[in-house]
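Residue-level listing of the chains:
Number of protein chains: 2
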Amino acid sequence: MKVLEDRIREEGQILSETVLKVDSFLNHQVDTALALQIGREFKDIFGQERVTKILTVEASGIQFAMAAGIAFGVPFVYAKKKKAVTQSEEVYSAPVHSFTRQEDYRISISQKYLGPEDKVLIVDDFLATGAALVGLTDIVEAAGAELVGVGCVIEKSFQEGRGLLEQRGIRVHSLARIAAMAPGEVHFIPELIEERAEC
Amino acid sequence: MKVLEDRIREEGQILSETVLKVDSFLNHQVDTALALQIGREFKDIFGQERVTKILTVEASGIQFAMAAGIAFGVPFVYAKKKKAVTQSEEVYSAPVHSFTRQEDYRISISQKYLGPEDKVLIVDDFLATGAALVGLTDIVEAAGAELVGVGCVIEKSFQEGRGLLEQRGIRVHSLARIAAMAPGEVHFIPELIEERAEC
Numbered sequence: 000m001k002v003l004e005d006r007i008r009e010e011g012q013i014l015s016e017t018v019l020k021v022d023s024f025l026n027h028q029v030d031t032a033l034a035l036q037i038g039r040e041f042k043d044i045f046g047q048e049r050v051t052k053i054l055t056v057e058a059s060g061i062q063f064a065m066a067a068g069i070a071f072g073v074p075f076v077y078a079k080k081k082k083a084v085t086q087s088e089e090v091y092s093a094p095v096h097s098f099t100r101q102e103d104y105r106i107s108i109s110q111k112y113l114g115p116e117d118k119v120l121i122v123d124d125f126l127a128t129g130a131a132l133v134g135l136t137d138i139v140e141a142a143g144a145e146l147v148g149v150g151c152v153i154e155k156s157f158q159e160g161r162g163l164l165e166q167r168g169i170r171v172h173s174l175a176r177i178a179a180m181a182p183g184e185v186h187f188i189p190e191l192i193e194e195r196a197e198c
Numbered sequence: 000m001k002v003l004e005d006r007i008r009e010e011g012q013i014l015s016e017t018v019l020k021v022d023s024f025l026n027h028q029v030d031t032a033l034a035l036q037i038g039r040e041f042k043d044i045f046g047q048e049r050v051t052k053i054l055t056v057e058a059s060g061i062q063f064a065m066a067a068g069i070a071f072g073v074p075f076v077y078a079k080k081k082k083a084v085t086q087s088e089e090v091y092s093a094p095v096h097s098f099t100r101q102e103d104y105r106i107s108i109s110q111k112y113l114g115p116e117d118k119v120l121i122v123d124d125f126l127a128t129g130a131a132l133v134g135l136t137d138i139v140e141a142a143g144a145e146l147v148g149v150g151c152v153i154e155k156s157f158q159e160g161r162g163l164l165e166q167r168g169i170r171v172h173s174l175a176r177i178a179a180m181a182p183g184e185v186h187f188i189p190e191l192i193e194e195r196a197e198c
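Protein chains in written order, with numbering that gives the first Met the number 0: chain A, 0 to 198; chain B, 0 to 198.
By construction, these hints were calculated from the structure, which means they are not laboratory data.
Built from N, CA and C at the ideal position, the CB exists for glycine as well.
It is possible that part of the hints are untrue.
Short, incomplete list of chain A residues facing chain B, as computed with Cβ under 8 angstroms [claimed, not checked]:
1. Met0
2. Val90
3. Ser92
DEER-style ranges, computed between Cβ atoms [stated by the list, open to error]:
4. B:Phe98 x A:Glu116: 53 to 61 angstroms
5. B:Phe98 x A:Glu89: 42 to 50 angstroms
6. B:Gly143 x A:Tyr104: 43 to 51 angstroms
7. A:Glu10 x B:Arg105: 21 to 29 angstroms
8. A:Gly114 x B:Glu16: 52 to 60 angstroms
9. B:Leu14 x A:Glu159: 18 to 26 angstroms
10. A:Glu165 x B:Glu116: 23 to 31 angstroms
11. A:Gly183 x B:Glu10: 36 to 44 angstroms
12. B:Thr99 x A:Lys111: 13 to 21 angstroms
13. A:Gly183 x B:Glu159: 14 to 22 angstroms
14. A:Gly168 x B:Glu159: 35 to 43 angstroms
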């Protein structure tokens with residue numbers, strides 16, 4: 000997605016070979032027009048499937064799940080990172096290790112909002128180690144729902160996340176794929192028409 | 000907002016005289032069409048002001064900040080609940096006590112994304128004790144920005160949040176105002192044309 004790659008080049012802050020900050024337009028301050036475009040792009044990519052629900056994890060996936068939900072005309076569900084006092088009913092949950100924050104947590108969703116009748120598209124802002132996304136796919140499986148694919152805004156292709164998901168036979172599409180980066184420079188993998196992997 | 004009151008009556012789960020769950024359509028599973036309507040409603044209410052930025056706090060404010068950002072055609076910023084490893088620059092921050100979770104945390108935003116040139120509308124899903132919202136107004140003040148008002152989706156009018164904000168001279172508008180509730184019943188304060196308080 001060229002407009003996204005351009006914004007990453009212009010505004011992204013590359014703090015090391017693994018840390019990219021895009022908080023001026025994606026995940027702290029959010030360019031709502033760009034977020035809507037990202038939602039429409041996910042619709043173009045996965046729109047041949049009758050998606051019934053978008054799934055993401057709080058917090059920085061929410062704006063893109065909302066944008067995808069608008070484009071598909073369906074609701075979205077965001078997994079919560081720990082059980083709140085008001086969340087008492089049965090949940091599907093999965094453990095996640097955050098490498099950025101160096102902490103372990105659980106993500107969970109209410110069993111009421113995902114079931115065998117659902118065709119689910121998972122979206123998130125980043126695909127890096129894949130930890131949270133693998134947890135979300137576990138939740139989809141536990142719910143007996145069908146997973147259409149995983150759509151990410153930015154992929155750090157030099158990390159293992161895509162491989163972990165593809166090993167499970169999951170279709171993965173990221174809108175900007177970073178092959179390598181260093182302070183002051185970022186190299187993208189060119190966009191290709193992808194073959195659809197079986198889910 | 001009648002459609003919102005109807006949904007609260009139909010789907011809201013009143014767990015006690017103070018706890019209302021609306022996670023089937025507002026803050027876990029999200030009805031994207033309703034969220035967009037909520038954004039347009041905020042525009043109708045606060046649209047006479049030249050708002051430059053929407054401000055909220057993660058996570059459950061994000062979908063409504065996004066909807067308001069779409070309606071106003073401006074970006075939104077969501078305050079983070081603790082400093083992440085990748086958030087190293089200077090921030091505006093405020094302490095918050097969560098009565099729901101019985102914990103203290105700080106909310107913070109990067110100083111890069113709010114300044115004296117901004118006219119800010121704060122939005123959130125709930126106005127109850129007002130703890131997080133007062134923190135957000137502190138942040139707007141610290142940034143030297145102008146606060147246009149606070150827009151909330153649901154207000155528990157029997158709690159002190161509105162009073163705390165109005166004491167500061169802040170214009171507050173909630174789309175559904177709950178006067179009282181008990182398991183099985185919810186009583187709304189009728190909508191009125193509100194006088195604009197000076198910010």
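Enumerated hints in conflict with the structure, sorted upward:
Hints 1, 2, 3, 4, 5, 6, 8, 9, 10, 11, 13, 14 are the ones this structure does not satisfy, whereas the remaining hints hold.
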